[in-house]
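Colleague: Kindly produce the complete structure, drawing on both the sequences and the hints.
Read in numbering that gives the first Met the number 0, the sequence shown has 84 at position 85, and its numbers run on one by one without any break.
None of these hints come from the bench; they were simulated from the model. All values reported here derive from a predicted model rather than from experimental measurement. It is possible that some hints are incorrect.
Claimed, not checked - FRET-style restraints, in silico, Cβ to Cβ:
id	residue 1	residue 2	range
1	Lys50	Leu11	52 to 60 angstroms
2	Leu53	Ala16	48 to 56 angstroms
3	Leu30	Lys50	53 to 61 angstroms
4	Met22	Lys51	30 to 38 angstroms
All C-beta atoms, glycine included, are put in the ideal place defined by N, C-alpha and C.
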Amino acid sequence: MNIRRFFIIVMLITSFATAALGMISIMKLRLRSDDVGVRIVRLERAIADSKKELDALKRQRDISQDTVKLSEKAGEKFKLPKPEQVTWLRVSGPILPATTSARTIPSPRVAALDLTFRPPVEMGGPRSR
Numbered sequence: 000m001n002i003r004r005f006f007i008i009v010m011l012i013t014s015f016a017t018a019a020l021g022m023i024s025i026m027k028l029r030l031r032s033d034d035v036g037v038r039i040v041r042l043e044r045a046i047a048d049s050k051k052e053l054d055a056l057k058r059q060r061d062i063s064q065d066t067v068k069l070s071e072k073a074g075e076k077f078k079l080p081k082p083e084q085v086t087w088l089r090v091s092g093p094i095l096p097a098t099t100s101a102r103t104i105p106s107p108r109v110a111a112l113d114l115t116f117r118p119p120v121e122m123g124g125p126r127s128r
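Modeller: Take a look at the structure:
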């Protein structure tokens, strides 16, 4: 029986020691994770600050380039359009008769309506180029 009691006491001491060592290692792990968490928070703050600085620099760049962009846009408006952008219309005959009096000349609105509601065959259709 003496060996049995000794074995039980040794097992209890080793289990308490193992539990104590496990708790110590868990506490060390938590301290390390807290340090890592603090570093992560610092890095996130640094990243947020650098993003703010980058956005401010981008805004300053955009403001300084807006004058250049405006002059470029104004220059683009005076360029000739590309041939793909030009639509050529074929007029089949004179729109108004050669001899017209002041009474028979339609107003610009009526002429625009007439042109708008003509069938596409008269206006050249899909082969307008």
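Colleague: It remains to establish, for every hint, whether it holds in the given structure.
Modeller: Now for the hints, and whether the structure bears them out:
Hint check: Lys50 to Leu11, Cβ distance near 58 angstroms, so the stated range 52 to 60 angstroms holds. For Leu53 and Ala16, the hinted distance range of 48 to 56 angstroms is satisfied, since their beta carbons lie about 55 angstroms from each other. Evaluation of the 53 to 61 angstroms hint for Leu30 and Lys50 yields a failure: the beta carbon distance comes to about 31 angstroms. Between Met22 and Lys51, the C-beta spacing of about 43 angstroms breaks the proposed range 30 to 38 angstroms.
Of the numbered hints stated above, those contradicted by the structure are hints 3, 4, listed in ascending order.
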